[in-house]
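Chains A and B, in that order, give the protein sequences. Following my numbering, the numbering of the first sequence begins with 1 at its first residue and continues without gaps. Following my numbering, the numbering of the second sequence begins with 1 at its first residue and continues without gaps.
Each hint should be verified, as a subset may be incorrect.
Facing chain A, according to a computed beta carbon distance under 10 Å, are these residues of chain B, among others [claimed, not checked]:
1) GLN262
2) ALA271
3) TYR272
4) THR274
5) THR279
6) MET280
Hints were generated in silico from the structure; no laboratory data involved. Glycine is no exception: its CB is placed at the ideal position from the N, C-alpha and C atoms.
There are 2 protein chains.
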Amino acid sequence: MNLESLTHTSGEWLRGTGPESDIVISSRIRLARNLAAFPFTNRATAHHKTEIEAMLRERIAKLELDPKLAYINVPGLSTLDRQLLVERQLISRELAGADGPRGVALGPRETVSLMVNEEDHLRLQVMRSGFALDEAWSDIDKVDDMLEQRVSYAFSDEFGYLTACPTNVGTGMRSSVMLHLPALVLAKQIEKVFRALQKINLAVRGLYGEGSRASGDFYQISNQVTLGKSETTILSEIREVIPQIITYERQARQTLMREGRQSLQDRVSRAYGTLCSATMMTSEETMDLLSSVRLGINLGILEDITIPTVNELFIHTQPAHLQKLMGTSLDGEERNAARARYLRQRLREGGAHPN
Amino acid sequence: MNLESLTHTSGEWLRGTGPESDIVISSRIRLARNLAAFPFTNRATAHHKTEIEAMLRERIAKLELDPKLAYINVPGLSTLDRQLLVERQLISRELAGADGPRGVALGPRETVSLMVNEEDHLRLQVMRSGFALDEAWSDIDKVDDMLEQRVSYAFSDEFGYLTACPTNVGTGMRSSVMLHLPALVLAKQIEKVFRALQKINLAVRGLYGEGSRASGDFYQISNQVTLGKSETTILSEIREVIPQIITYERQARQTLMREGRQSLQDRVSRAYGTLCSATMMTSEETMDLLSSVRLGINLGILEDITIPTVNELFIHTQPAHLQKLMGTSLDGEERNAARARYLRQRLREGGAHPN
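Only chain A is shown next, with the shape it has when bound in the complex (with noise of 0.2 Å):
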């Protein structure tokens, strides 16, 4: 695996296909597990991270899947390294930024990452495009029981696997969907549709989890619960709540059509024009500006530039993709000169105008 070759691309979840993924982006499972024979990370000595650490790349490397698992050494990664794969969501912010041994297994095309020495000593995630959790559930489910062939699980008849943070005993598990909702944002109707969503228990994040703003209208909806039930019965509350906020945020689309087709061609058309002409862009703005233009491919208003060239410009534009793209390390005022400048290249390339 060659973080290069990562640069220039952009992994499964945001190839823009799968079911529902005019709305739905990616649907995400991971896996809190940790190692019977040692404490939890957080009371670790170095020598058992050491320990940690070895064991699992070990034992990662055996598992029987084809292609293998890439493992990376964590700790061997630059500042910006680290960041690309945050910025990939193949690692968590809390693992790029710990200290010590660790690294994560990444497998073909991103839908699969194993984070050793993360809060819990292994975290296991699968990701997809779509609206996809059984598929997620199955190929992450797979790995696991391979994994628990091969290593003891800290495991408690009583209470299911055990964590280092209490939010995570039981299941382990979070499964969560990643959701573009514009629509219900332009209405004003996405408080709503989240106060519901907490009466059930699941929780709204924006794009790079807790405490992220909702860039780009994205929102990642999640279970809280992972105790006292299964995780087949959790994925199913989720499952099941997905499909009404896709209809809620088709509803919304449809009323703008209808209702607001003028001003919203001219918010679509504008954002095109925006990111084809500015010359200094923040991330922030860039996110907001491709969500409208997301919103007007789906919708038909805006042609010539595919679903996704959009999701691949929403992490290309991100800092550490693109210093890596520009090959230098940039402070904030060039990285906004060198973001509008690549736009404004990719979308030519595109070469959408409205007409």
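The hints should help you fit chain B onto chain A, whose structure is shown.
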């Protein structure tokens, strides 16, 4: 004189040539005159007005000018055509909206305009591109002298020319210079300039005269005092102050280029991009964006589009011009759509793109 031909062209004052034309749009002088034999317009009976109009029309027709002035009977015009002449600065709002017999005689390239039965019986106006008050004065003085040989103006040896409103008594002259001052606005120094001008009894107004906001960063600077000074004194007072304002604007532009070049470039490019891509656009926003584009061209930031084109767009996107160009009457929302469409077409012809 065919009003249709006006629709597709722009007059002398928008040619964008003449001295200091990067900052000075136009120089204008108007003289207020009344016939000694009749009461002022506001006291005149319908019968009087008919006589005044007939007499002045006949005298104007006999002026030995080459080419002859074209006389337009204003009550015979549609509301849209009257508005067109207002936007073109060839007649005043007052003349457009008044009752009774009235007219305007227009000279070649719209440099000369003689209004009959405005607030005064006769308003003479000469407009020149760029900073050319002396040339404007020489033109208007000639026409005024020629008329004075044919009619008897209301004149007092003590006060000078008598006018319907006391603020015009004396010379009856208002000389004004239209400036484009975007850098002083961006640098928030414009108020300071205004206060200085007010102290020396010069008035500052927006593009369309009293009470109009300074859309597009256009400012008209004119004399307030008409009494007790000769025309040449009044002219020299305003002629002397304009170069100072030009210098201030140039300094503000250079400071912007030196200290804020990146954000200026971004502002100009975004303005251009928005004009090329929006599908709804108010007249107000158009003026503001064109102002940034005009500044960008003058600073060499934006190429492939010329100042005369931008000047023309300022006028062609005004409500009446736009409707005449589209060949149909349009409500506000329809105008915003038509304006955006027109701008996209015109700017794509120009084809400028930031690098």
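Hint-by-hint comparison with the structure:
no., hint, result
1, GLN262, "6 Å, holds"
2, ALA271, "9 Å, holds"
3, TYR272, "6 Å, holds"
4, THR274, "6 Å, holds"
5, THR279, "4 Å, holds"
6, MET280, "4 Å, holds"
The earlier numbered hints are all upheld by this structure, with none contradicted.
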